[in-house]
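Protein chains in written order, with the numbering used here: chain B, 2 to 339; chain W, 74 to 338.
A few of these clues could be false.
Stated by the list, open to error - Chain B is faced by these chain W residues, among others (derived, beta-carbon under 8 Å):
(1) His156
(2) Arg165
(3) Leu172
(4) Leu176
(5) Arg183
(6) Gly185
(7) His187
(8) Ala188
(9) Thr190
(10) Ile194
(11) Asp197
(12) Arg247
(13) Val272
Hints listed in this document are in silico derivations from the structure and should not be mistaken for laboratory results. Quantities reported herein were computed from a predicted structural model and do not represent experimental measurements. Even glycine gets a Cβ: it sits at the ideal position worked out from N, Cα and C.
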Amino acid sequence: MSAAEEVVTEAPAVEAVPKRAMTLGYGTSLVVLAALILTPLFVKNFIIFQMTMLLIYGLAVLALNILTGGSGQFSLGQSAFYAIGAYTTAILMEHFNVNYALTLPVAGVICFAAGFLFGQPALRLSGVYLALATFALATAMPQLLKLGFFEHWTGGVQGLVVTKPDAPFGLPLSQDMWLYYFTLAITIGIYIASVNLLRSRSGRAFMAIRDNEIAASAMGVDVSLYKTLAFGVSAGITGVAGGLGAIAVQFVAPDGYTITLAISLFLGMVVGGVGWLPGSIVGSAFIIFVPNIAEGISKGLSGAVFGVLLFLVIFLVPHGARQVALIAQQLAAKLKKN
Amino acid sequence: MTQAQLAQGHAPLLAVRDVSVVFGGIVALNGVSFDMHQGQILGLIGPNGAGKTTLFNCLSRLYQPSSGDILMEGVSILSRPPHKIAEIGIGRTFQNVALFPNLSVMDNVRVGTHARTSSDIISDSLKLAWIRRTEASVNKKVHDILAYLDLEDVAHSIVSGLPFGTQKRVELARALAADPKILLLDEPAGGLNHEEVYVLGDLVRKIRDERRITVLLVEHHMGMVMSTADHVVALNFGRKLAEGTPAQVQADPDVIKAYLGSKDQ
């Protein structure tokens with residue numbers, strides 16, 4: 002069998018969603034948007050903080066979704082890019098007094114570069130091997146951040162404390178509420194840009210590579226370039242999420258960015274539906290709230306309860322939130338008929 | 074000799090010069106040479122293991138010949154990586170179909186235009202005006218090709234669910250979207266029934282006639298090659314066995330021997 006044929010007959014690593022179904026309809030989008038805008042007006046500051054984290058992790062899951070759902074590459078190393086973003090923001094804010102909003106593009110660009118560079122050696126790997134290589138990155142990152150050499154900047158094991166910004170122009174908003182709306186605006190911007198990207202020539206190149214590398218290359222797609230670009234874009238968005246996370250939590254420390262975070266993000270992507278961008282927020286809600294629910298059910302066995310809940314999701318809706326959305330859509334169509 | 078060939082003054086569009094491919098100790102291709110002229114349908118035939126697919130993979134740059142050269146309009150293609158073949162006008166289809174199974178028919182064909190368009194991730198993310206203009210022209214072109222190949226009804230279907238014959242046409246549409254000068258077809262008749270094979274043969278001739286695309290047909294379905302090609306090259310054990318019109322090649326004693334075996338064997 003020729004090399005070409007082998008690739009031709011091999012099933013794609015990721016089962017993908019048709020591109021048209023990658024987003025929500027306008028109506029649903031508006032409802033979700035309205036809920037995201039109005040809810041903070043009626044809840045306590047702690048809930049607002051949790052909603053901010055929901056958006057931030059949502060961005061990180063979205064970034065992984067572009068990489069895995071879009072270009073078909075696995076990563077268990079997203080926590081490393083998240084950490085680089087968080088530290089970039091923290092160091093710029095605390096050592097250089099840069100405005101918090103300006104640190105985010107810098108975090109994004111640095112992480113894009115880091116992801117793009119990491120994507121180069123990763124080109125030779127695929128599937129589980131790529132997952133392992135990124136896993137190594139995630140394991141190494143906390144220790145790199147603790148290195149004495151960087152300690153002057155990173156604060157070593159102690160980490161850095163980040164000042165929470167006030168609302169600008171004397172707006173009558175609490176710090177938490179301002180940060181929430183700030184995060185929401187960035188999230189919406191990145192979401193729209195991501196949808197645009199996946200629907201464009203570049204996005205089609207990503208998906209062509211995911212589905213069949215040899216055929217993509219025969220159509221003129223530079224497979225190496227687009228694979229590394231996907232890594233770069235994914236890392237860049239994760240970096241912005243990391244920067245926002247640093248501001249929201251007001252603290253960065255090496256042990257906040259361990260492999261557990263990377264696995265959580267991976268989990269969030271699967272629960273949200275691989276390749277379905279709106280599912281990212283559902284996946285993010287799962288990784289933020291379900292551990293709390295599990296703890297509410299049993300303090301001593303919260304890990305086991307979380308495991309059981311995860312099992313239930315995998316067995317009942319293996320395609321995650323995307324599947325739930327499809328079922329809901331079909332039900333709605335049926336109800337309309339009756 | 075076709076009229077197109079005369080108009081080109083005999084300069085071959087594609088020239089295969091003394092190409093040899095060695096895998097370990099096995100000689101898969103041994104000094105094969107032939108020319109392809111503008112507007113020709115060249116059939117490449119031979120029994121299993123004759124080296125057809127090896128030659129095909131050299132043309133699409135998946136294999137590097139051990140010696141010899143391949144010239145497209147007089148320029149060697151051997152220094153080009155596989156993804157830089159589409160832009161010089163070489164398009165291909167795959168044995169057993171290699172579409173993007175999770176994408177719609179339209180998106181598959183849109184990917185075909187990749188080599189003829191340009192963009193960058195920032196402009197794409199922001200959907201800038203020039204990106205929207207490019208997309209509009211891509212969409213128009215894709216619709217034209219789908220109409221040409223009678224695929225409009227399935228334009229928005231996901232390709233993995235379509236019948237095999239339809240998938241083959243989608244693959245042809247994807248290849249046409251790159252405006253190829255030469256179309257390489259790798260065993261297009263494989264998996265098709267008797268009637269479909271001849272419909273496909275007519276379609277290949279129609280594409281050549283109406284779109285002025287030169288076709289290399291690698292096929293072991295003799296009926297299709299003989300009724301479709303105007304020039305045939307026969308390979309066996311990596312060597313060129315015979316070359317000429319379908320009738321000449323069909324009557325060649327060496328070719329008959331290769332396919333049917335000789336009396337003394």
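- Item | Which numbered hints fail | Those not satisfied come down to hint 13.
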